[in-house]
Structure formats: C-alpha cells, structure tokens
Amino acid sequence: MESNIPTKRIQSSEDLKFWFHSDAYYYLTQWIRLLSLKIKQLKNSEECKISDTVQNILDILDQLSNLIDETPPDNQPTRFGNKAYRTWTNKLLKKSEHIITSFLPEKHSEYNSELGVYFLDSFGNSRRIDYGSGHEINFICFLFCFYKLGAITDEDLPAVILKVFAKYLQVARKLQTVYNLEPAGSHENSGEYLYFRAIQYIHEIKTGPFFEHSPILNEISNVATWSKVNSGLYKMYLDEVLSKYPIVQHCYFGKLLPFTDEIRKKREKEFKESRKKEEKIVKKEK
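Position one of the sequence shown corresponds to residue -3 (this note's numbering), numbered consecutively onward.
Please keep in mind that the hints were generated in silico from the structure rather than gathered at the bench. From the three backbone atoms N, C-alpha and C, an ideal C-beta is built for every residue, glycine too. Please note that the accuracy of each hint is not assured.
[Said to hold, decoys possible] Simulated restraints on C-beta separations:
1) ASP58 <-> LEU89: 14 to 24 angstroms
2) ASN52 <-> ASN0: 12 to 22 angstroms
3) ASP11 <-> ARG82: 25 to 35 angstroms
4) ASN0 <-> VAL225: 18 to 28 angstroms
5) ASP70 <-> GLY146: 25 to 35 angstroms
6) GLU258 <-> PRO68: 41 to 51 angstroms
7) GLU66 <-> ASP11: 32 to 42 angstroms
8) PRO69 <-> GLU236: 29 to 39 angstroms
9) THR173 <-> GLN7: 49 to 59 angstroms
10) SER41 <-> GLU269: 31 to 41 angstroms
11) GLU93 <-> SER47: 16 to 26 angstroms
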C-alpha cells in the first residue's frame, strides 16, 4: 500500500524546473490567490462562519500558545536560539498523536499522517532552533489539504485566513520572540488588518528608521491602491519565496500535494485539442 507520508523531493536547484511544473506548485499558488480574494476588504474582526473543523484548528493553536506559557525560556546569554524551544517542541511531539488524529473525520483519517507532517513542520526547526518562510509554507499546505479533502469549504475561507492563519502567525511570532528563534531566511488599527499587524511586528523586533531596515516595505507606502499592493506582494512572494531553492527545498510532497505534473499535461492536451478543433473550423470555412 502506498504511504501517505509526504517526502521532500527538491534536492538541488536543478529540481526547481520540476517544482514550477508540479501539481503542488499549481495548487499552492492558486490556493494563496484564492484566499487573498476571499478576504478582500475584510478586517480581522469581521464576523465569519466558524465551522467545527475551523474551531478545532483554532483550539489546537490555543493549546500550542499555552504550551509556550508553560515552557519559559532558559536563562542563557545567546543572541539567537534559546534551548527551551527544544523543550517546547518535545512537548508538542508528545501531544502530536492526539492532535493529528483529531484533524479529520473518520472517512478521511487515512490522510491524518499527511497533514501531521505539514503541521508539525510549521513551527520551526528544533535542531537549528530557527523559523522561516519554509515553515509558514508548510502551514499554508496544511490548510490546503483540508480544502482539497472538502473538510473546509469556500464558505469557511474568510475564517481560514482572518481567524486561523492570523492565530497561527500569533503563535509563530510568540515562538520567535520568547525563544529568540534565528530567522531562517503601533497604530490602533494595526490589529484589524494582517498587513498592518505584520508591519507592527517588524517595528517591535527591529530598531532604527523603517526605510533603512525594511526599504522594500517602505516603498509600498508610495503605491497608489491596495489592489496594486496585493498583486505586487503576491508576485513578490512567488519570486522571493516560492522560487528560492533554500526555502522550497524543505517542502513536502504527498498525495494531496503531489510532485507530479498531471495538471500541466492535462492543460497541454486540452490546448492541443482546442487548436485542432479551431484548425478544422478554419479549413471548413475555406
């Protein structure tokens, strides 16, 4: 029987060409775009439908936040990487079996181990004591798996970002600040929007003029409309995150996010068939 446990497939920068044509890349980029559209003009405080699945994920994230409170940092002089973070991850692993088996209803239980890999690798690396964009990607993949299985629906998507992903970012930032995780790679309204909250967090962890330590973000203030900010950040994410080998080498691929390119092949086949039909019509007209 084929294993449902995802594995890493991007072994070198040469594999990026396969990654860009993979079904996983297509699913992930379309998923990010869809989520972005679903929360257009919505605040974090917006009323959202909270399904049982969404509430379960929120409850689990609350448990992880409480686990940080129960695991104070060690008194050590290092700049990055408090070793108490490893204690926290060990506690998470002990709870992981119960957490993972609660993800999906019985009819989809065969995929729990697949979701578990994405989830457990969403909160940093205990060996390196760091956290980066690759871990955030894993959480995005984790959420996509629910959607692909139908465990969350289009109606749930505003809550998936405004509640679940926002809560995940709170936990991730709490881990970074409490345990000084090495990076792997405010105004009153700042809590109402994910973008402003991210800017606020940058102000909290960096010192000096904003235009010096975050020049690209500073330039965004000159962009005329929020739609252009959104499209620009999306393109930047594709170029600066999903196209970088040091980041995507840590991505996992399984049944729900396969490294195959069946979607591309299907589209090429449909395109060729469409062209043939057009050519036949043109010949008949002549």
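Here is what the structure says about each hint:
| no. | hint | verdict |
| --- | --- | --- |
| 1 | ASP58 <-> LEU89: 14 to 24 angstroms | 18 angstroms, holds |
| 2 | ASN52 <-> ASN0: 12 to 22 angstroms | 20 angstroms, holds |
| 3 | ASP11 <-> ARG82: 25 to 35 angstroms | 30 angstroms, holds |
| 4 | ASN0 <-> VAL225: 18 to 28 angstroms | 39 angstroms, violated |
| 5 | ASP70 <-> GLY146: 25 to 35 angstroms | 44 angstroms, violated |
| 6 | GLU258 <-> PRO68: 41 to 51 angstroms | 49 angstroms, holds |
| 7 | GLU66 <-> ASP11: 32 to 42 angstroms | 40 angstroms, holds |
| 8 | PRO69 <-> GLU236: 29 to 39 angstroms | 31 angstroms, holds |
| 9 | THR173 <-> GLN7: 49 to 59 angstroms | 33 angstroms, violated |
| 10 | SER41 <-> GLU269: 31 to 41 angstroms | 49 angstroms, violated |
| 11 | GLU93 <-> SER47: 16 to 26 angstroms | 24 angstroms, holds |
Hint check: violations occur at hints 4, 5, 9 and 10; the rest are consistent with the structure.
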